[in-house]
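> Here is how the chains run, residue by residue.
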Amino acid sequence: MKFFQQIFPALALAGLIMIVAACAQMQAIPGLPVSHPETLAAGQQVSCAECHEDQQKGTLKAFDAFSHSPAFVKNHRFYASSDERLCSSCHKSSFCNDCHTNQVEMKPSIKYGNRPDREMPHRGNYMTMHKIEGKLDPASCYRCHGRANNERCMSCHHN
Amino acid sequence: MKIPSARLMIPACFLLALPGATLSAEISVDATSIVRFEQRADTGVSKKDIIPATQFFGLDAAKLADGNLSLHLYGWGRGDLADKSYNNDQFDGSLTYGYLQYRFKAANADVRAGRFFVHEGIVNEQIDGASFRTDLPLGFGFSAFGGANVHTQNLYNENSDGKGDGNFGGRLNYRYRGVLELGVSGQYETNAPTLNNYPTVNHRTVGGDVWFSPHRSVELMGHTSYNTVTKGVAENSYLMNVKPLQHLVLTGEYNQHRERNYFYTWASFYKTLDLNNSNNRSSSIGGSASYEFTKAFEVVADYKHYTRETGNADRYGADIKMSFLDNSVRSGLGYHYLRAGKEFAIGDSPSASYHALRAYVMHDTKTYFAAVDVLDYIFKDKVYNERSAWEAMASLGYHLTPALAVSGDFSYGRNPQFTEEIKGLVRLTYNMTFDSKGGKK
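In order, the protein sequences belong to chains U and Z. The C-terminal residue of the first sequence carries number 159 in our numbering, and the numbering is unbroken. The C-terminal residue of the second sequence carries number 441 in our numbering, and the numbering is unbroken.
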């Protein structure tokens, strides 16, 4: 930590110089569109490759990587952590925040009881099941309830 | 009712600063009103009638000012019309997010100000503040954020949630073509408040993330985080996707957590998880195979092995998804079995093993929509003298207009927690986008 503190000014200066130099070339770097130009069908696993096959350009990842296969949906956290801007071209923030939020009012599966086809956490009587799942894999609880969205947890778990 | 704290002033000020010229704006409104009716019969406690009325509201206004500015708002409010639904507040509410965003035309650069979530590398935070991100030349990218933490419920018998007031951080990344991305990210929270019944724990982490795709059919991704307070690796989480055939996806994943370092700020579980012990680790390793036979028929099989200091467990099973009539009828079947010993069990049950079965079908037309969903957890050994926890739900709705729909759900279930649970709700949904483009979901 001490070493980091000593070299921090030099790192900060180098970073600043790099940013200033980079700004001069920024206009040439393409950006993603604000929103997807076509309406995508609700309730269908989106396959980006259907329209965007072999359209990888510059530093963009291949579109097929973002096709919403079951594996993608289950592991979307890996993609969202580095490509949130791409996600936001089709999804409003509220789409994510139905599940990932600071204070949830009701389980997403209740809010969207008319959409059983959507992947939602804690379906059914999870009040019982969390007593098993929480001991089995506490990290899966912590990701959403560790530092946020924990009001319900604290009504029973005091320490 | 909770009184909005001074922190809300920050996003409120930005909203007041909205330019008046919004005539060419594209506006999207989402409003969902839900009145729930529940009767809970908790074991050994008298029945409770619960009637919470909740209003969700979202507003997105794009193309403000010079066309690059947008406003995004989402939140909810609730009033309990009968017994309190779960806490001491008859009324409650939350501003989930409320921010202004300015998108620059090049380099995916944007500035956000207000209340928003940050997902960058290993960082997942919600703040009242500002953020900036941009792509840089030569494949580099940069993002930074800073502001006041959005606090949550106070810890039991404390006047604080244990979080520090300020939080800032960011991510630096490098991309090489569409083949490789490397990222370094971190966040620094200001000093946590001193608590009476819990240890004072600061939240400060750094980490690295990777995405590597040497061939379009192979992807390796994941991250490692390091807790700079406890001075130890907190999490390793990695995933590999392989697509040997066009519609076949094979995955392998590995997750490891050094519990003291990863859960360090989880004050409510400090003793439960024995976070003073730096030796406790938990991990999971697993894989899945999914195959899309046709657009209308898909099968997924998966397996996962869990390891904790107290024991290990396995979960395996499969899901099938089907659709008919041009996707207007969608259905699914699922079965999973968890093999887990007494160390993970509920109460005095000799094991935690259970079967999970699910079946659903839904029909969505331009006029009406309907769904049935049944979920049953069958315990290998009885839990509180109950063999299973099951719930059946039916939903029926009608599109009054393309944007406005009314629907009702009814569910009944039996389980070891409440013995009997009857729930119903009435839902009014309004989704309107005042523009002509694809829009967002």
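FYI, nobody ran anything at the bench for these hints, they're computed from the structure. One thing to keep in mind: the hints can contain errors.
As the list claims (entries may be wrong) - Mimicking DSBU-like on lysine-lysine, the simulated pairs with C-alpha atoms at most 35 Å apart in a straight line are: (1) U:K107 - Z:K342; (2) Z:K271 - Z:K366; (3) Z:K366 - U:K131; (4) U:K92 - Z:K271; (5) Z:K295 - Z:K321.
> Looking at the structure, which of the earlier hints fail to hold?
Of the numbered hints given earlier, those the structure breaks are 2, 3 and 4, listed in rising order.
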